[in-house]
Amino acid sequence: MKHLVMTRPKQPPAMVSSQREREADGVSEAAFDLWLQRSLHQLFDQVAKEPIPEELLRLIEENRRK
Amino acid sequence: MSDTTFHDQVIAILPKLRVQALALTRNRASAEDLVQDAVCNALSAQNSFIPGTNFAAWMHRILRNRFISNLRKRRDTTDIEDVPSSAFATEAPHEDRLALKELAKAMARLPGDQREALVMVVLNGMSYEALAEATGCAVGTAKSRVFRARRQLEAWLFGERPESGAALPRPLRMHNSNATSGGLAGQDFSARL
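Keeping their order, the protein sequence lines are chains A and B. My numbering puts the last residue of the first sequence at 59; the count rises by one with no breaks. My numbering puts the last residue of the second sequence at 198; the count rises by one with no breaks.
There are no misleading hints in this set.
Pulled a few chain B residues facing chain A out of the computed Cβ check, cut under 7 Å:
hint : residue
1    : V24
2    : L27
3    : L105
4    : A109
5    : L128
Stretches of chain A that chain B covers, calculated by requiring three or more beta carbons in the stretch to come under 8 Å of a beta carbon on chain B:
hint : segment
6    : 30 to 42
7    : 50 to 59
Result set (DMTMM-like, lysine to aspartate or glutamate): computed pairs, CA atoms no more than 25 Å apart in a straight line:
hint : chain 1 : residue 1 : chain 2 : residue 2
8    : B       : K21       : B       : D38
9    : B       : K148      : A       : D18
10   : A       : K42       : B       : D101
11   : B       : K106      : B       : E159
12   : B       : K148      : A       : D38
13   : B       : K106      : A       : D26
14   : A       : K59       : B       : D13
15   : B       : K21       : A       : D38
16   : A       : K42       : B       : D42
17   : A       : K42       : B       : D118
18   : B       : K148      : A       : D26
19   : B       : K106      : B       : E37
20   : B       : K106      : A       : E43
21   : B       : K148      : A       : E16
22   : B       : K21       : A       : E54
Everything labelled a hint here was simulated from the structure, so no lab data went into it. Ideal placement from N, C-alpha and C gives every residue a C-beta, glycine not left out.
Work the whole structure out from these sequences, hints included.
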């Protein structure tokens, strides 16, 4: 009995090439997104984590007591 | 909502307000002033906040409106050279610092609404719906701003994507002439909002 070997139909080279390009683009996009996210955190996180100025906290607490 | 809860929420959101303020002003000192101004406005208007509604969006909106109001009064501009050195501090390795410096310059070149949108989504973890509410625009507009910001940064930092043979991002290009010639000095920031 002949075994039926399921093979993917052969695609024209142009289609295979554009498919690879799309896959490569997807990887590229994901890599850029990851880099951008990490880099923005590196730029901004330190500022966000700095202590809140005492003057500002005092302002809020004084308003709270009113 | 009791007064205690309101004031606690103000204190809790301050780091995120700082991020938004820095994205808008591109200057640390101005960002701190803006946050303080916004907090003052919020405390004055606390009776207008409806308990149970989105406090973050309300607070971010106040800061944004205060920024626009200040801009119209003062026509503040920020020298792009001020942005990488004084706005951001990083202890990253040398090569990373170069890349971060380029990113900081590119971020400063973005239109203000796009820069703000990108930062609010990526750093403050806002959904597009929350961003739209915080910035007073449609959800589609909010999405578009983030998308355009991301795409523009990619184009500036990595160049146009090649037609074929696309691979992982190429090394950063130093857009020295584009980044400094003319800069952002003198440009009307409010026109971009």
